[in-house]
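K.L.:
Line by line, the protein sequences are chains S and B. Just so you know, we're using numbering that gives the first Met the number 0 here: the first sequence kicks off at 0 and counts up by one. Just so you know, we're using numbering that gives the first Met the number 0 here: the second sequence kicks off at 0 and counts up by one.
Read the hints as simulated data drawn from the structure, not as lab findings. It cannot be assumed that every hint is accurate.
[Said to hold, decoys possible] Derived DSSO-like pairs: lysine-lysine, alpha-carbon spacing no greater than 30 Å straight-line:
1. B/LYS154 with S/LYS114
2. S/LYS49 with S/LYS96
3. B/LYS154 with S/LYS155
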Amino acid sequence: MKPGGLLRIKGMIRKEWLQIIRDPSSMAIAFFLPLLLLLIFGYGVSLDAKNIPLALVVEHPGVQSSSFSGGFWQSPYFAPIPMSSIQEAETALRRSKVDGIVWLRENFDRDYLNKESPPMSVLVNGVDANTARLVEGYVQGIWFGWLEQEAERAGKKLQSPVQLEQRIWFNPQVRSTDFLVPGVLAVIMTLIGALLTALVIAREWERGTMEALLVTRISVIELLLGKLIPYFILGMGGLILSLLMAEFLFHVPLRGSLWLLLATSALFLLVALGMGLLISTVFRSQFVAALVALVSTFLPAFILSGFIFDIQSMPLVIQWITHLIAARYYVAILQTLFLVGDVWSVVLPNSAALLIMAVFFLGLVYRKTRKNLE
Amino acid sequence: MGHRILALIIKEFLALFRDKKSRMAVIVPPILQLLIFGYAATFDLENAGLAIFNEDSGAISRELIGRFEGSVGFKIVGYLQSEAEIGPLIDRKGALLILHIDEQCSAHLAQHESCAVQAIIDGRNSNTAMLALNYVRSIVTDFNQEQAEQSLGAKLPAQLTIRAWFNPNLESRWFIVPGIIALLAMIVTLVVTALSVAREREAGTFDQLLVTPLRPWEVLIGKAMPGLIVGVGEGSLIILVTVLWFKIPLVGHLSTLYPALIIYVLSIIGVGLMISSFSATLQQALLGAFLFIVPAVTLSGFSTPIANMPQFMQTLTYLNPMRYFLTIVRRVFLEGAGLEYFWHDLWPMSIIAAVTLSMATWLFRHRMY
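Assemble the whole structure, with the sequences as input and the hints as a guide.
P.N.:
Here it is, written out as structure tokens:
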């Protein structure tokens, strides 16, 4: 660094800071965006289906059919709606008033007593395959419970050989917020990082102030540091706000160490800021940079990071592609640090990947900017 | 007058497509993303890591394990020898699920008691954990049912038959890919409109536009046209890929889908132009776009059902145009629903379009600062 470098960086930071304060949108990105997103994800998103509306068609109520349908009334998963005919129920299914139909035909009780093994038909709306599969599982559970109960009443024992015990580690009550909040942090940090810096270099080029900066004694490194530091501080501010909300509003346990969380988050922020700076440097026009930031940040971080959709279940080619998404590594680190603890075999490789990406993005920004100088 | 509007529309298209980079940024990513997300976004478990810790030596435990080995949902990653291996394996994400069969299993069965099988699941991603658990449950239930029939020596006293309508194999891709149509059509339309006014505000050319004889509603038409054409055009392209590449059955008619698509795109144009007219700089417009996109996607039912949200959030989703179109596109594709089935989704979306477009027009002349 040439003499006086520190002074020049300080001057650059001061200039950038004044711009941040003048346009409130940077502040809004750093602090309002995380607030809003965490509230929405923390309160609004859940995959736990409860009170699924279900049409209950019992054509001829009898002892057995009533005891079977009783299982649905007691289940917390279903909100049964009695209907008098299958036609009525099918119309309701078509109109999306119910998600499924349980249908016991007229001769159900008679056939049951004659040991003819009558069918109990269940129709589910398969459009939402995930919910439909849940419904199937719950129905099977109720059905088997009923069979056992009936066998017992008849003095027989229906042996169900395997009794499943489930142990869900790290999140035994399966609180959605405990896994969503760490995941959404990764989305938030991706957005903060990219949005803060996506326009800052393009803006200078577009307004012609880049030339003005370049004729000063400032070097490329000093220029980039001056651009990076203020937004890094702003981003860390947003992160700390998010962490406070995770801890005190959503009560997500933090089982790992705070310093490791902050260190890996700082690393990820560098990647995200680097990505933004790269967009800004490559496209040199605020309009195009904004276009690219819009289409390339949120959706990949949302869909390809493993935050909602399981990466292991994706086809192999897509799994390779997810390795290009920085949020993927950060999601793995966050979910482990929050819910498990300092598991080095997860934290280290993922941090290494983030480090490589940070060096790559910032190095590319440096090279591109230097080229422009010549 | 028609001539004036036409000139403005041409100008808007030039502003968007003159530059090769912005042309590429609008057209290429949505198609790429459709292809990638179409494969990535699935709730079907495939090859989830399963480790088995079997302390029993009887036939029944071997048979149960065979069921898991044959399932497409799971891939066996190892057979454990001691309990101490379980913790580290899960901690380092070596396996999603561990099936632990007690050494007393066969002995219990011989005494006509149940054999306890433990499923230990990594709950870090509790969504995946619940999916895995559901798979395990259905394998175990099937197994129990057959075993029970064998021990009774007869059919069970009643048979359960489950059929799924509209998506018989319950492929979650059939549910998600039509959703991506709604998702990407929104992003593309918003990208085209949300930046358009802000860009001119920042460059100072919007004031010039306002002093021309063009009326605000004419400016609106000029500004909305690129969004409408790009949004509907790319929407069509995406529908084409959905049908031809992903082979999602289109049971309903395009003639019912298109009016909905057009109204949807119009409502997004309204939102985009509102954001754009609010903003004085591109940075603000970019922020505004994200402040809309992220909640709109989250609260639309795209990845998590609206019915699972708390009541308050469910009420909020009525303001979200994507919620309505998402329902329509899925129902037209899979159920073949006609207009009479989604009329109540269509009119709220039309109101949103009318309100946002009028607001945007008003904001052209009455900006905040």
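K.L.:
Checking against the hints above, which ones are violated?
P.N.:
As far as the earlier hints go, not one is violated by this structure.
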